[in-house]
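*Asks:* For reference, the chains in residue letters:
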Amino acid sequence: MVHPLRDKAAVSGIGETAYTRGTPKSGLALQLEASLAAIADAGLSPHDIDGLVPYFPGGGIAEDFVANLGLPDLKLSVFVPMGGATCVAAIQTAAMAVATGVCKHVLISVGRTGYSGARVSARLQQFPQFALAAEFEAPIGMFAPAQLYAQGARRHMELYGTTARHFAEVAVVTRQHAILNGNVVMNKPLTVEEHHASRMISDPFRLFDCSLESDGGAAIIVSAADRARDLKKPLVTVMGVAEGHPESPASIAQRPDLLEFGLAKAVPRAYGMAGIGPADIDVAEIYDCFTFTVINQLELLGFCKKGEGGPFVMDGRIALGGALPINTHGGLLSQGHVVGLNHVVELTRQLRREAGKAQVKDAEVGLVTGYGDMGDGSIAILRRAA
Amino acid sequence: MSTATAAPPAPERPLPAPTRESQSFWDGMREGRFMLQHCALCGKVRHYPRPVCPHCFSTENSFKEAPTGGAIHTWTVCHHPFNFFFKAAAPYIVALVDMDAGVRVNAPLRGIAEADLKIGKRLRMGFEPVTKEVTLPFFVAE
Chain A
1 MVHPLRDKAA
11 VSGIGETAYT
21 RGTPKSGLAL
31 QLEASLAAIA
41 DAGLSPHDID
51 GLVPYFPGGG
61 IAEDFVANLG
71 LPDLKLSVFV
81 PMGGATCVAA
91 IQTAAMAVAT
101 GVCKHVLISV
111 GRTGYSGARV
121 SARLQQFPQF
131 ALAAEFEAPI
141 GMFAPAQLYA
151 QGARRHMELY
161 GTTARHFAEV
171 AVVTRQHAIL
181 NGNVVMNKPL
191 TVEEHHASRM
201 ISDPFRLFDC
211 SLESDGGAAI
221 IVSAADRARD
231 LKKPLVTVMG
241 VAEGHPESPA
251 SIAQRPDLLE
261 FGLAKAVPRA
271 YGMAGIGPAD
281 IDVAEIYDCF
291 TFTVINQLEL
301 LGFCKKGEGG
311 PFVMDGRIAL
321 GGALPINTHG
331 GLLSQGHVVG
341 LNHVVELTRQ
351 LRREAGKAQV
361 KDAEVGLVTG
371 YGDMGDGSIA
381 ILRRAA
Chain B
1 MSTATAAPPA
11 PERPLPAPTR
21 ESQSFWDGMR
31 EGRFMLQHCA
41 LCGKVRHYPR
51 PVCPHCFSTE
61 NSFKEAPTGG
71 AIHTWTVCHH
81 PFNFFFKAAA
91 PYIVALVDMD
101 AGVRVNAPLR
111 GIAEADLKIG
121 KRLRMGFEPV
131 TKEVTLPFFV
141 AE
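Chains as they are written, first to last, in the working numbering: chain A, 1 to 386; chain B, 1 to 142.
Simulated pairs of lysine to any residue, SDA-like, Cα-Cα distance not exceeding 20 Å:
id: 1; chain 1: B; residue 1: 118; chain 2: A; residue 2: 257
id: 2; chain 1: B; residue 1: 132; chain 2: A; residue 2: 140
id: 3; chain 1: B; residue 1: 121; chain 2: A; residue 2: 157
id: 4; chain 1: B; residue 1: 87; chain 2: A; residue 2: 198
id: 5; chain 1: A; residue 1: 305; chain 2: A; residue 2: 277
id: 6; chain 1: A; residue 1: 305; chain 2: A; residue 2: 324
id: 7; chain 1: B; residue 1: 87; chain 2: A; residue 2: 199
id: 8; chain 1: B; residue 1: 87; chain 2: A; residue 2: 119
id: 9; chain 1: A; residue 1: 265; chain 2: A; residue 2: 250
id: 10; chain 1: A; residue 1: 306; chain 2: B; residue 2: 119
id: 11; chain 1: B; residue 1: 132; chain 2: B; residue 2: 28
id: 12; chain 1: A; residue 1: 361; chain 2: A; residue 2: 282
id: 13; chain 1: B; residue 1: 121; chain 2: A; residue 2: 256
id: 14; chain 1: A; residue 1: 361; chain 2: A; residue 2: 179
id: 15; chain 1: B; residue 1: 87; chain 2: A; residue 2: 140
id: 16; chain 1: A; residue 1: 357; chain 2: A; residue 2: 322
id: 17; chain 1: B; residue 1: 44; chain 2: A; residue 2: 247
id: 18; chain 1: B; residue 1: 118; chain 2: A; residue 2: 157
id: 19; chain 1: B; residue 1: 44; chain 2: A; residue 2: 255
id: 20; chain 1: B; residue 1: 118; chain 2: A; residue 2: 259
id: 21; chain 1: B; residue 1: 87; chain 2: A; residue 2: 207
id: 22; chain 1: A; residue 1: 233; chain 2: A; residue 2: 36
id: 23; chain 1: A; residue 1: 233; chain 2: A; residue 2: 386
id: 24; chain 1: B; residue 1: 64; chain 2: B; residue 2: 18
id: 25; chain 1: B; residue 1: 87; chain 2: B; residue 2: 114
id: 26; chain 1: A; residue 1: 8; chain 2: A; residue 2: 386
id: 27; chain 1: B; residue 1: 87; chain 2: A; residue 2: 134
id: 28; chain 1: B; residue 1: 44; chain 2: A; residue 2: 256
id: 29; chain 1: B; residue 1: 132; chain 2: B; residue 2: 12
Read the hints as simulated data drawn from the structure, not as lab findings.
Chain A with its partners taken away, still in its complex shape (with noise of 0.2 Å):
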């Protein structure tokens, strides 16, 4: 039987502003112009809106849009609270809205002023998902995720002989895209000897294992798919959506296994709701805070056996040309942190095959996912409708 969510939504608009490190704008004006941006990407109005997914904690909530936007009847306001894998996890909800008849046109967005505005460690405070960590790790000197996830990394390279070099391959690979891309924070080709000669952060990441402090924003709008056929862009449809929460959500440390989190449980569910499988697969836009999440999240979406995630991402294979292009547009490792959003925006792009220099040949089915907070993921699998 095929799902009822399956194709029954369509990403209709996407937008971004530019990518920066310094801006003077607020985080909600940054997520305000790249939702006009999606909303005229679709061709339509804002007073068409009527479902929200903002990003939270930060950025603008409902009353800020209604303000701003003018929406005169908004039908939703939801939160979805899942740190990096909102975004994508915010897909589904507004899939079902959608879908069911609830909303017509759902935006989710995302603006932050995460290198001019709050950094990292500051920004975690607001998150109810951390205080476990703030009241049993970070009084022993561990609270960033650049630390939380460098044990599940060290415990990788133990276990199945994954290096830096394999750490520094997903780093140089997503710069190489990032430079066709052009709206990126880092436009400059990076080595493998720069990656690792950057400082060490936390053993094992370096810093240019670590995603972007930036300022921007991002945008899409969710419409059911027979509404969106008839807007102004080719037709992009959720094949299949999901999001899962790992044991131990709120502590690393006690989860029975690191390496395993949410997305595992997320992914055969997104795959049989599409009716497909990794082999399907033409471009990946995969959540990278670090680079090891990349190669971890591989292993977890069945490109590769558990453990040989290292070695998957050699030779070009996840280059463009390569069997697998990952993260085309940047990332979060050299376009800016826009929290994922903009994987979305970029898949989209790809199946619209509107990504320039960027493009995937004859792209016609794509995955982007999410990771956040202490492990939560988010995977949605979308397609250029024929």
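Guided by the hints, dock chain B onto chain A, whose structure is given.
*Replies:* Just chain B now, with coordinates in the frame of chain A:
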């Protein structure tokens, strides 16, 4: 203006704020005892402390003293001090340890070189008072 700039205040150590669930754990630490929460019905241990047993859903529980030995599950070496309090200590090793009691503890590791770390290496938890109320764990070789 020629007034000297006042020295910035020393950064404060982040301290735990015990909850009604975790108070017994922190009381134990202060007494040099590793106290873990056990379900009163099914007997299973759980950490970090929480109100309901996820195995049998009982809300009845008690804290029992646990052994302080364990083995390295993984580690990181913190170079960048995300909190300025730890700047002077960096780089420092934080070991995640599979305690013999069946839970994990994350704590700084002392007296062992980075090159000597490996999964399974035996460690013992120690107790370091940092304020009158708060004692924090650390690890040394067993």
